[in-house]
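Q: The residues making up each chain are set out below.
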Amino acid sequence: MEVASPKKYAYPSEEIDRTEGQVIASLKAGSREALPDPDAWLEEGLRRNILLTTVDAILDWGRRSSLWPVICFPACCAFELIAAEGPRFDLSRFGMEILRASPRQADLMITAGTLTWKMAPNVRRIYNQMAEPKWVIAMGACGISGGIFASSYSVVPGYNKIVPVDVYVPGCPPRPEALIYGIQMLQKKIARTPVVPDLPKFLKKGKEA
Amino acid sequence: MTTTEMALKTEPFVLNIGPVHPSTHGVYRMRVTLDGEVVLDMEPVFGYLHRGVEKLAEERSYTGFIPLTDRLDYIASMSNNLAYCLAVERLAGVKVPERAEYIRVIMAELQRLANHCIVVGAFFNDCGAYFTPFMYLFREREKILDLFDMVCGQRLTYNYMRIGGLSQDIPDEFLPALKKFLPQMKRFVDEYECFIKQNEILLARAKGVGILSRETAINCGISGPVARASGIKWDLRKADPYSIYDRFEFDIPFGEAGDCYDRYRVRMEEIKQSLRILEQAARQIPPGPVKTEVPHLIRPPAGEAYAHIESPKGELGFYLVSDNSIAPYRCHVRPPSLINLTALREMVRGWKVADLIIIFGSIDITMGEVDR
Amino acid sequence: MTVALSGKKVAAQIEEKFPGSVVESSEGSLVIKGESLLAVAAFLRDTPELGFDYLNYITAVDYYSHFEIVYQLTSLGHNHTMMFKTRCYRRESPVMPSVVGLWQGADFQEREIYDLMGIKFEGHPNMKRIFLWEGFEGYPLRKDYLS
Chain L
1 MEVASPKKYA
11 YPSEEIDRTE
21 GQVIASLKAG
31 SREALPDPDA
41 WLEEGLRRNI
51 LLTTVDAILD
61 WGRRSSLWPV
71 ICFPACCAFE
81 LIAAEGPRFD
91 LSRFGMEILR
101 ASPRQADLMI
111 TAGTLTWKMA
121 PNVRRIYNQM
131 AEPKWVIAMG
141 ACGISGGIFA
151 SSYSVVPGYN
161 KIVPVDVYVP
171 GCPPRPEALI
181 YGIQMLQKKI
191 ARTPVVPDLP
201 KFLKKGKEA
Chain B
210 MTTTEMALKT
220 EPFVLNIGPV
230 HPSTHGVYRM
240 RVTLDGEVVL
250 DMEPVFGYLH
260 RGVEKLAEER
270 SYTGFIPLTD
280 RLDYIASMSN
290 NLAYCLAVER
300 LAGVKVPERA
310 EYIRVIMAEL
320 QRLANHCIVV
330 GAFFNDCGAY
340 FTPFMYLFRE
350 REKILDLFDM
360 VCGQRLTYNY
370 MRIGGLSQDI
380 PDEFLPALKK
390 FLPQMKRFVD
400 EYECFIKQNE
410 ILLARAKGVG
420 ILSRETAINC
430 GISGPVARAS
440 GIKWDLRKAD
450 PYSIYDRFEF
460 DIPFGEAGDC
470 YDRYRVRMEE
480 IKQSLRILEQ
490 AARQIPPGPV
500 KTEVPHLIRP
510 PAGEAYAHIE
520 SPKGELGFYL
530 VSDNSIAPYR
540 CHVRPPSLIN
550 LTALREMVRG
560 WKVADLIIIF
570 GSIDITMGEV
580 DR
Chain Z
582 MTVALSGKKV
592 AAQIEEKFPG
602 SVVESSEGSL
612 VIKGESLLAV
622 AAFLRDTPEL
632 GFDYLNYITA
642 VDYYSHFEIV
652 YQLTSLGHNH
662 TMMFKTRCYR
672 RESPVMPSVV
682 GLWQGADFQE
692 REIYDLMGIK
702 FEGHPNMKRI
712 FLWEGFEGYP
722 LRKDYLS
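Chains as they are written, first to last, in the numbering used here: chain L, 1 to 209; chain B, 210 to 581; chain Z, 582 to 728.
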């Protein structure tokens, strides 16, 4: 086999850097406001009939008992997450034994570390690649508001500028017990999610449209 | 036509590995030029965790910067605290009491154990021993974190050391707990070595892989276990003793080949030597105060100072410039992880992608320190 | 114990070899002219009695009127160390010679200085931003940077 000499590639390094810089700048310009937390439905107090609530209960039980986190470990909180997966604070008893490397196979993103503007498009891309239903836990002070680095020139002040967050777990870093409490809170939230669309209402909406 | 007669034309291509990747030890990205599986060139891209710590130092007081130093190399926080406090004490001319020096050495060596627990475990992860050796080491690391928790209430980022000593004295239960832990850890390390040291898969994957020659290592400024595995007999605890390291008896392990296996062996031997230092320190520790009285918003006289320590990753140093105000004029961190990465490009040329991951894992980097 | 060589003694040796290259010297460090930086650095590395083969770090400090680039060198064989600096008086697009040819460890550190302070190093094979993204405006570590 003969190896062709390295010639000019389709995407030289400088061009890749420039394109990525433009993506970051546009994301930064568009992320001034926090994305709203996806829990407006919690206050609605939906009244659904017993058949739907039973099906909901079963589907929600299935979803919350086997959450699979995606590997996205920017900084220090990652080691408390790994410790939570470790032998002492065993996360696999909650069904979260497997950390999936591929976002296509995961449904929970635990943001374990400080987010910088350079990393932000990558985190958004991972979030977009996850299939519905998906949830996000903002772990640590850096995840909630930028933490101790909030006044820096390159730190995003909180993950909720980039992805919608379901549960916030404070701490710097939060102890594994705190993280497990946050996960249980998320599980309680999932348990109340209406999954099956309300058929009569759905059909009525369809007729009106 | 047989295969040897067909001329199969191939082309190198560029593969992007990271920043979100299970074995890049944080947010590290590489653009690797591959010819099939063989690595021709590697271009590192980092900065995904650049938090502007050096700029933040200019806004915070000297004491207020200590929590930020914790988050630099977040798996060896006590070492970062120690290096920074030594630099400020050199700048301000502050003397530290005896008991505080002994406790600092105990904390630094315990931190070295905790760090090597993660690094050796992650190295085996990369080799393919999926999580079992890692979990064994994590079990021991939890015991060390319990000791830290007893002292300062935190498991990962301690903020324990202060300029002039420590923030508080160790509680009475600490030394008995430490003395109980040391023989347990020694037994564990021997047992652990027993079942992994001569494992043939490890030998096949790590011996002779990613060789770093002595001359390249010196030229690149490599320090720490990576340098010692390449035969450079340089350890700051012996060459330039800081704090009270000249009072303890310990050896410095060296390797000869400079391959991944030697780096792993050097780290395991360092664990054993740290246990020796801990035993001596726990025996010799005197009673007394743990902090010299310095003002909280300390104003060192105008000047500059550089202090370095042998952190678990290598030579960690802080260069401080002061202009007699409450915040440093300039604070520069000498990051061992970033400088050790300089040699990575040479080390991986000619190896396959799987070896690239192992070589990268054996250098032991923390992105918090690389990017600061 | 690593001995910190006296800046004055080393300055005397350098003055002998390269007259006019030392701007000032003190016990802790010495300042060298930018034009003679490469020659002096090669002399420091290659002379057997000095033998500074290990570069600890390179960093830059912004003193409003000038930039000061600080180098710390160590000799592993003799176990002595020293610090030397050079100054750059230009504020718009400052340029300094690069020591990557002498000590390869300067590679990423010089890129970092360019990224955060704006000082370009000529002779560096890959002078581009390292921590911040391409298109970031300004150089954050300068004293007059407004975020």
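Treat the hints loosely; a few may be bogus.
Okay, derived cross-link-like pairs now, BS3-like style, lysine-lysine, Cα gap no bigger than 30 Å in a straight line [as the list claims (entries may be wrong)]:
no., chain 1, residue 1, chain 2, residue 2
1, L, K28, Z, K709
2, L, K161, L, K188
3, B, K352, B, K447
4, B, K447, Z, K666
5, Z, K724, L, K28
6, Z, K666, B, K304
7, Z, K589, B, K447
8, B, K442, Z, K590
9, B, K395, B, K447
10, Z, K589, B, K304
11, Z, K709, L, K161
12, Z, K590, B, K447
13, Z, K709, B, K561
14, Z, K724, B, K442
15, L, K161, Z, K724
16, L, K28, Z, K701
Among chain Z residues calculated to face chain B with C-beta under 10 Å, some are [to be verified]:
no., residue
17, Q653
18, N660
19, H705
Just so you know, the hints here were simulated from the structure itself, not pulled from any lab data.
Each residue gets a CB set at the ideal place from its N, CA and C atoms; glycine is no exception.
Q: Evaluate each hint against the coordinates.
A: Hint by hint, here is what the structure shows:
For a cut-off of 30 Å, the pair hint linking L:K28 to Z:K709 stands: about 21 Å separates their Cα positions. For the given pair, L:K161 sits about 25 Å from L:K188 by alpha-carbon distance, which is consistent with the 30 Å threshold. Restraint check: the Cα-Cα separation between B:K352 and B:K447 comes to about 28 Å, which is no more than 30 Å; the hinted pair holds. With a CA separation close to 28 Å, the supplied pair B:K447 and Z:K666 stays within the 30 Å bound.
Between the alpha carbons of Z:K724 and L:K28 the distance comes to roughly 24 Å, so the proposed pair stays at or under 30 Å and holds. With a C-alpha separation of about 29 Å, the suggested pair Z:K666 and B:K304 falls inside the 30 Å cut-off, and the hint holds. Proposed proximity of Z:K589 and B:K447 is supported: the alpha carbons are some 27 Å apart, at most 30 Å. A distance of roughly 28 Å separates the Cα atoms of B:K442 and Z:K590; the hinted pair therefore holds under the 30 Å criterion.
For the given pair, B:K395 sits about 23 Å from B:K447 by alpha-carbon distance, which is consistent with the 30 Å threshold. Among the hinted pairs, Z:K589 with B:K304 is consistent with the structure: their alpha-carbon atoms are about 28 Å apart, no more than 30 Å. Restraint check for Z:K709 and L:K161: satisfied, since their Cα atoms lie roughly 29 Å apart, inside the 30 Å limit. At roughly 26 Å between alpha-carbon atoms, Z:K590 and B:K447 fall within 30 Å of each other, so this suggested pair holds.
For the proposed pair Z:K709 and B:K561, the alpha carbon gap of about 28 Å is at most 30 Å, so the pair holds. Annotation: proposed proximity of Z:K724 to B:K442 is violated, straight-line Cα distance about 40 Å (limit 30 Å). A C-alpha spacing of about 29 Å is found between L:K161 and Z:K724, which places the hinted pair at or below 30 Å, so the restraint holds. Restraint check: the Cα-Cα separation between L:K28 and Z:K701 comes to about 27 Å, which is no more than 30 Å; the hinted pair holds.
With a least beta-carbon distance of about 6 Å to chain B, the hint placing Z:Q653 at the interface is held under the 10 Å criterion. With a cut of 10 Å, the hint placing Z:N660 at the interface with chain B holds, because the nearest CB-to-CB distance is about 6 Å. Hint on Z:H705 is violated. Least Cβ distance to chain B is approximately 13 Å, over the 10 Å limit.
The structure shown violates the earlier hints numbered 14, 19.
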